[in-house]
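Asks: Kindly generate the complete structure, drawing on both the sequences and the hints.
If you read the protein sequences in the order shown, they are chains A and B.
Number 26 in the UniProt record's numbering belongs to position 26 of the first sequence; there are no gaps in the numbering.
Number 190 in the UniProt record's numbering belongs to position 190 of the second sequence; there are no gaps in the numbering.
Because the hints were derived from the structure by calculation, they are not lab data.
C-beta atoms are modelled at their ideal positions from N, C-alpha and C, and glycine is treated no differently.
Just to be clear, a hint being listed does not mean it is correct.
According to the in silico footprint, chain A covers these stretches of chain B (three or more CB under 8 Å from chain A) [to be verified]:
#1 15-28
#2 33-47
#3 73-82
#4 109-121
The chain contents come next:
There are 2 protein chains.
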Amino acid sequence: MEFDLIDRIRRHTDVHRDDVLTGIGDDAAVVAVPTGRELAIAVDTLVEGVHFPVGTAPADIGWKALAVNLSDLAAMGATPAWALLALTLPTPDEAFVDGLARGFAELATPFRLALIGGDTTRGPLTVTVAVHGFTAPDGALLRSGARPGDVVMVTGTLGDAAAGLRCLAEADASPYAALVDRLNRPTPRVAAGQALRGVATACIDISDGLVADLGHICAESGVGADIDAAMLPRSAAMLAHFHDADALQFALGGGDDYELCFTVPADRAGDVAADLARLGCGAARIGRVVEGSGVRVTDTSGESVMLARTGWNHFAA
Amino acid sequence: MEFDLIDRIRRHTDVHRDDVLTGIGDDAAVVAVPTGRELAIAVDTLVEGVHFPVGTAPADIGWKALAVNLSDLAAMGATPAWALLALTLPTPDEAFVDGLARGFAELATPFRLALIGGDTTRGPLTVTVAVHGFTAPDGALLRSGARPGDVVMVTGTLGDAAAGLRCLAEADASPYAALVDRLNRPTPRVAAGQALRGVATACIDISDGLVADLGHICAESGVGADIDAAMLPRSAAMLAHFHDADALQFALGGGDDYELCFTVPADRAGDVAADLARLGCGAARIGRVVEGSGVRVTDTSGESVMLARTGWNHFAA
Chain A
1 MEFDLIDRIR RHTDVHRDDV LTGIGDDAAV VAVPTGRELA IAVDTLVEGV HFPVGTAPAD
61 IGWKALAVNL SDLAAMGATP AWALLALTLP TPDEAFVDGL ARGFAELATP FRLALIGGDT
121 TRGPLTVTVA VHGFTAPDGA LLRSGARPGD VVMVTGTLGD AAAGLRCLAE ADASPYAALV
181 DRLNRPTPRV AAGQALRGVA TACIDISDGL VADLGHICAE SGVGADIDAA MLPRSAAMLA
241 HFHDADALQF ALGGGDDYEL CFTVPADRAG DVAADLARLG CGAARIGRVV EGSGVRVTDT
301 SGESVMLART GWNHFAA
Chain B
1 MEFDLIDRIR RHTDVHRDDV LTGIGDDAAV VAVPTGRELA IAVDTLVEGV HFPVGTAPAD
61 IGWKALAVNL SDLAAMGATP AWALLALTLP TPDEAFVDGL ARGFAELATP FRLALIGGDT
121 TRGPLTVTVA VHGFTAPDGA LLRSGARPGD VVMVTGTLGD AAAGLRCLAE ADASPYAALV
181 DRLNRPTPRV AAGQALRGVA TACIDISDGL VADLGHICAE SGVGADIDAA MLPRSAAMLA
241 HFHDADALQF ALGGGDDYEL CFTVPADRAG DVAADLARLG CGAARIGRVV EGSGVRVTDT
301 SGESVMLART GWNHFAA
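Replies: Here's what the structure looks like:
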């Protein structure tokens, strides 16, 4: 394409890596994987009006498009290395592209993630990112290793992004900036995922909601999970603005938090929480892995909590 | 996503590879690159109404989305290994997805290309594929090595896809099936690209049109190119339906042919043509690399040929 938007993006994301032998500008990138490392690869698409509201700042879109992908690498315990960016947009709007590239670079740079390729096309606003990261042989965190007796844990706090989305409907969303920021600028838990290698028996990132995503661990591991609603970590920002019942639903069913949900043997849970705390990442025990199937949530009186909506289904949205 | 279209696609594309350690179904795929191999990576997006006409058969869309990416690997001389597929579609139409997956698999299977990951989202019809292939160390074909005196060559015939696109405007396009097929089902020149390793000094695939893409080789190599219009390989199918002037414009400026354009030292051109012929791939000399810059096309009387349109600019389309 003559109007080379990808070159414009490259100028914002100037991470040099010795393992990038040919970067943007040829028919394909050429890279070298270090000896003794396996490669984790993920891809995710964000569509305007489906995965981010119309009117979202370009820099937030760029950040989020990379964040949701780095979150997949985090859930594998992988170390980020390279990304591809395929950007479809209605007009060749240079200011928009610059903003998007800035947000992308803000997140890429601290991880030393190099943008090695891309494509720009005309059409409805859609951003697809593919990321590549390294893992040690047999070192990737999978969804399939949870065992009855393991403790279920999550990083950070849950429900903030869903609460933030609700706040955007307000005439003045500024009092809820912290929640909206959690929606627009999720923090991929990359260091936490790496710290969980060799310890967590299963791991997933929470993109569709806790119950839905923990459900994937249960299905892949052939187990069930009992969750204690009172143990779910919820932010002061969310609790200041929402009733407890709403906040609980956000924490259980809200998507887009991009925290990690993982299982560890019960005798390792304390050490894991301490290790993650040293990384500046909270980690809370929220329940246990049990025989059976599916996720059951109970409140302090032992009653089952019903989920208003099981995860985000973008086809139903 | 609960409605797991990617799982549906996986069932159609069942290529087993030992180097895929974790395939579709976790947060990321995990793969192993063979020792002593570098990795070539490319990504391309097709948007409905921009890169393929509305109403294109789903199987043709699936084929083409992979073909344009394999063509990038071909232009690097790489051996295909793995792909990711990010599919955005307006409704979860299972018949459409099955058709698209069938076309994708038809092309993937003979190359033993494994689908290792993907994403399905709701939105305007858009298909993004990322492909990964292997090259020997320092063995990738780049755009930057053309030298004055080299011969410029192309595989196959030029202009058929653009001619096919023109034919689709006809009330009955069936007489032009061979041309329309070249538009909808391009053949990535993977074996030819591999045969050019160590011989071609520069290589690119023709996606935007010969003059535009050869122009990239000239710019990256710091050279110019003189092309003899009479030498351009044009198919009998195209010449049967179009005047010579139109056919020439298609051959020079039409995109979507996905043939390879490459440069070789003059004393190797004969051997290269013979090697490619053994692979069932035609290869024609069309001109020479010269000092200077830019692409100049001349007819038999030595007059410069003007290009009606320089390549496809999808933002201008």
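Asks: Against each hint, give a clear statement of whether it holds in the structure.
Replies: Each hint tested on the structure:
no. : hint    : result
1   : 15-28   : holds (count 6)
2   : 33-47   : holds (count 12)
3   : 73-82   : holds (count 5)
4   : 109-121 : holds (count 5)
Hint compliance for this structure: no hint is broken.
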